[in-house]
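Residues per chain are reported as follows:
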Amino acid sequence: MCLLCVIIAVIPLLSILYEVVSRGAPFLSFQFLTNDALHGGIGPSIQGTLILIGLTSLIGVPVGILSGVYLAEFGDNKYASFVRAINDVLTEFPSIVVGITTYSVVVIGIIGSFSPIAGAIALSIMLIPIVARTTDESLKLVPNSVREASLALGIHKWKTTLRIVVPAAKSGIVTGTLLAIARIAGETAPILLTILGSNYFFQGFRSPMDALPLRVFRDARWDDPRVQAEAWGVALILILIVLSLNIAVRLAARGRHKR
Amino acid sequence: MHRLLDVGLEQLTAMVYKMGEVAEKAISISIRGFVNGKDTTESVHEISDILSTMTVEIENKAFELIAKYQPVATDLRIINSYMKIAYDFERYGRYAWDISFTHKKLARLDKCAGPSGLMHKLFEKVSEMVSMSIRALKQHDAELAKTLAGTEKEVDELYFAYLEQLAEAPVQNKGMMCNLLVSRFLERIADHTTYVGESIVYIATGEKISLR
Amino acid sequence: MTRKNANIGKDNAEPSSSGVKMQTIDLNAWFGAKQALKDINVSFKTNAVTAIIGPSGCGKSTLIRCLNRMHELVPGSRFSGQVLLDGEDTYAPGVDPVMIRRRVGMVFQKPNPFPTMSIYDNVAAGLKLTGSKKGRDLDKVVRWSLEQATLWDEVKDDLKKAGTSISGGQQQRLCIARAIALQPEVILMDEPCSALDPIATAKIEELIVKLKEEYTVVIVTHNMQQAARVSDFTAFLYLGQLVEYGDTESIFENPRNELTEKYITGKFG
Chain A
1 MCLLCVIIAV IPLLSILYEV VSRGAPFLSF QFLTNDALHG GIGPSIQGTL
51 ILIGLTSLIG VPVGILSGVY LAEFGDNKYA SFVRAINDVL TEFPSIVVGI
101 TTYSVVVIGI IGSFSPIAGA IALSIMLIPI VARTTDESLK LVPNSVREAS
151 LALGIHKWKT TLRIVVPAAK SGIVTGTLLA IARIAGETAP ILLTILGSNY
201 FFQGFRSPMD ALPLRVFRDA RWDDPRVQAE AWGVALILIL IVLSLNIAVR
251 LAARGRHKR
Chain B
1 MHRLLDVGLE QLTAMVYKMG EVAEKAISIS IRGFVNGKDT TESVHEISDI
51 LSTMTVEIEN KAFELIAKYQ PVATDLRIIN SYMKIAYDFE RYGRYAWDIS
101 FTHKKLARLD KCAGPSGLMH KLFEKVSEMV SMSIRALKQH DAELAKTLAG
151 TEKEVDELYF AYLEQLAEAP VQNKGMMCNL LVSRFLERIA DHTTYVGESI
201 VYIATGEKIS LR
Chain C
1 MTRKNANIGK DNAEPSSSGV KMQTIDLNAW FGAKQALKDI NVSFKTNAVT
51 AIIGPSGCGK STLIRCLNRM HELVPGSRFS GQVLLDGEDT YAPGVDPVMI
101 RRRVGMVFQK PNPFPTMSIY DNVAAGLKLT GSKKGRDLDK VVRWSLEQAT
151 LWDEVKDDLK KAGTSISGGQ QQRLCIARAI ALQPEVILMD EPCSALDPIA
201 TAKIEELIVK LKEEYTVVIV THNMQQAARV SDFTAFLYLG QLVEYGDTES
251 IFENPRNELT EKYITGKFG
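Protein chains in written order, with this note's numbering: chain A, 1 to 259; chain B, 1 to 212; chain C, 1 to 269.
A portion of the hints provided could be inaccurate.
Once the Cα atoms are required to be at most 20 Å apart in a straight line, the calculated SDA-like pairs of lysine to any residue come out as [what the hints assert, rightly or not]:
1. C:Lys262 x B:Asp6
2. C:Lys212 x C:Ser43
3. C:Lys267 x B:Lys84
4. C:Lys267 x B:Ala67
5. B:Lys208 x C:His222
6. C:Lys128 x A:Thr160
7. B:Lys208 x C:Glu253
8. A:Lys78 x C:Glu72
9. C:Lys34 x C:Ala48
10. C:Lys212 x C:Gln241
11. A:Lys159 x C:Val243
12. C:Lys262 x B:Tyr69
13. C:Lys45 x C:Glu205
14. A:Lys157 x C:Leu73
15. A:Lys157 x C:Pro97
16. C:Lys128 x A:Thr161
17. B:Lys208 x C:Arg256
18. B:Lys153 x B:Gln70
19. C:Lys34 x C:Ser77
20. A:Lys78 x C:Lys110
21. C:Lys267 x B:Gln11
22. A:Lys170 x A:Ile86
23. C:Lys110 x C:Thr248
24. B:Lys84 x B:Phe160
25. C:Lys267 x B:Arg188
26. C:Lys262 x B:Leu76
27. A:Lys170 x C:Ala162
28. A:Lys170 x A:Ala9
29. B:Lys153 x B:Arg188
30. A:Lys157 x C:Tyr91
31. B:Lys68 x B:Glu24
32. B:Lys68 x B:His2
33. C:Lys267 x C:Asp232
34. C:Lys160 x C:Glu191
Because the hints were derived from the structure by calculation, they are not lab data.
Full structure from sequences and hints, please.
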């Protein structure tokens, strides 16, 4: 019975993979991956996604990890419980709402145009709660006896946290962060209204930019069936990026265990 | 709360009380034999052997309890003291045998006690001390044990008084030599009853005192 | 982050002349509304081992955690009274608890070496992270600490091994070495042997008797015979109150209090 359920659960994933690989593989070529849109390539989309991942990590990872550290190590008060509650809500927040809000506040209000920065901000808003939570939980797994041992030696609390507790939770934090990034890389709604999409490579921080999910979205709705078919190729690239991040994380985790 | 140790302690206690009774019997047999001119060496010897065996049994039991239960406080004091008391009881038996043997060997069972009142008084006092020591033990009665000190003094006085008497006697004979030795044995028995008393006080109060 | 100036510094404390290293005066401690310790007045003599015994929940661990100001780390905890170290109150306003903990070290019930560090790093951690011995020859100190803890010979060939890869008894000695490396004046031990096998326990007990030559040791134990074996003085706690205190020999041969007698002979709890 259980085996039947597992099979039912796995079938959609396998069928998606099959569809994407079989329809998208024919499009893979060097030109496809490096040319801009006007020359039949998805170079800008790949570049955009990579830039977004970079910027988002730059903003979101430190904030997320530090928030998680605060919640776990210094969060024994009402303020922290409140923050934790809000954080939990934000992890499940509708991504389109994050998108419109960022559009209204950052794109219209601050920068005045679509911008990679706005995109990174929107994605960070989605990334931070997840990273904060996984960091919080990884730190909670470190037994209290370790903290006590350090404090009993007369080591200050902040040093205890930084030099003893966080390193002990390192693999959990890194794994959680990488998985969160892999997830965010595929988000579409937040970047729809913040970077808009483009046919050209990166044109500066005050211009729209393309990204793989946006390209899939655009191509799939194009009138031309040839362009629609191309969307499979883009989807394949996107899935490859996300999958390889996931696999890399798992391999790294296993390597640590072996040691 | 009944501990495992309590079972062992009850057994040990029963052994020690029994030994006390047996030792008391040995003394009374030998003294009566002496006064009535009867040969009691065999029966007293038998009892003395029994007492030796009992000492070993009590020691073994005590060691067993110490090794198994690592007793402290009152329990430890009891076990420690019972071993000492067992030794003192064995001494009672030994001196009882000495009395019988000296009487047979030296005085050839004559009624050496003679008209001298002092020897009789000695017999009385020492028998009293022996039974007091055993009673005090059974009741763990420190006060009763302490009264042995006073009685021991009286015994000492009687003993020295008797020695003086002997020293000034006009004629020396075997009977008197026998009495001399026997009075010494009695005095030693009295000493041992005070040791028993000291152990009893230690059990009851934890104080180490001297009753002599 | 401001560092409070400790009124009590290691270098300007007067060695106590009366032979008392630490003392509690009217010590009371609470966890929220529940009172864990009531009017505790007890002293710990210098270069001696004092054992604290009592049934579970009597406040033994709470008491020693008040001695190194770890009690206050528990949320909702309260404290009143004084704890004197060399005659000066460790709870006086302005005293930095961190400084106190460097003078009063602690070893816990379950060995807890730092999981990500090697044996060497574990012993050196206290020194490195408190900045107390900057520039000092760490190798020398690590070796000395491990020798003092009688662990050197067993681990000297591979100090880079993970701290958690050695046996439980060795880990506990490692924790002791780690505490000693800071050269505290007092070592607190919270049931240090309860997670260990008899042989490891015996080794730690020998170590404790050796340690008292240099340090003042306070050990919490629920093993009566261990208290009798290693300590010079014993304090019996019951329901948060000090019932009896005295030299170990007297307490175990002839306790003054009936409750003490009942407890140590196993007639309750």
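| Against the structure shown, which of the earlier numbered hints fail to hold, in ascending order? | Result: hints 3, 5, 9, 10, 11, 18, 20, 22, 23, 24, 25, 28, 31, 33, 34 break, sorted rising.
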